[in-house]
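Build out the structure end to end from the sequences listed, making use of the hints.
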Amino acid sequence: MPEAAERACAKRRWLAIGVVGLTLTTGSVVADWRDDHAILINTTQSMPEWAFFIDRGRMPRRGDLVVFAPPDTSLIRAHFGQRGATFAKRALGMPGDLIARHGQTVFINGAPVAQLKAHTTRGETLTPGPTGKVPQGCYYAGTAHKDGFDSRYAEIGFVCKRQIIGSGDAAL
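The opening position of the sequence shown corresponds to residue 0 in numbering that gives the first Met the number 0, with each subsequent residue numbered one higher.
Take the hints with a grain of salt, since some may be wrong.
Within a straight-line C-alpha distance of at most 27 Å, the following computed DSSO-like cross-link-like pairs (lysine-lysine) qualify [said to hold, decoys possible]:
(1) LYS116 with LYS132
(2) LYS116 with LYS145
(3) LYS145 with LYS160
(4) LYS145 with LYS132
(5) LYS160 with LYS132
What the hints contain is simulated information worked out from the structure, not anything from laboratory work.
Below is the structure:
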């Protein structure tokens, strides 16, 4: 084999080794990211954003997106399916905050955050959510959307650490 052909063959071999190495490294980095993160696509109208990056296991700060597994109830199954839904809301109330209700308005530390409705858009009865101090390890999760299904209703209630998948940021 002529010397130029040998050099070309050696270059292709080293290029192939480099591509394999880069692929393996990239795959490892992606796998590491995947273990601690997720991408959530919002299919409802309750939040203006529709895509989120989630840090699994990160507890929310006030205003952060909190991703959680809601309670398993017939109302949630009727609206979101038998497999269970993953909810994404904002952490509006933190442990120790005071939740109050005056008429149909829900307040956190004296500031109005939501209006209650008596029924879902399908006509099912909704029960007003918890009031008082938000317990340690729990959060008031909410949205500004008028039809938001969140902590303002007992069917969701406070979102506690055992339910939380993680916190996130809007991507789109």
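Here is what the structure says about each hint:
1. LYS116 with LYS132: 22 Å, holds
2. LYS116 with LYS145: 8 Å, holds
3. LYS145 with LYS160: 26 Å, holds
4. LYS145 with LYS132: 24 Å, holds
5. LYS160 with LYS132: With Cα atoms ~16 Å apart, LYS160 and LYS132 stay inside 27 Å; holds.
Checked against the numbered hints listed earlier, the structure breaks none of them; every hint is satisfied.
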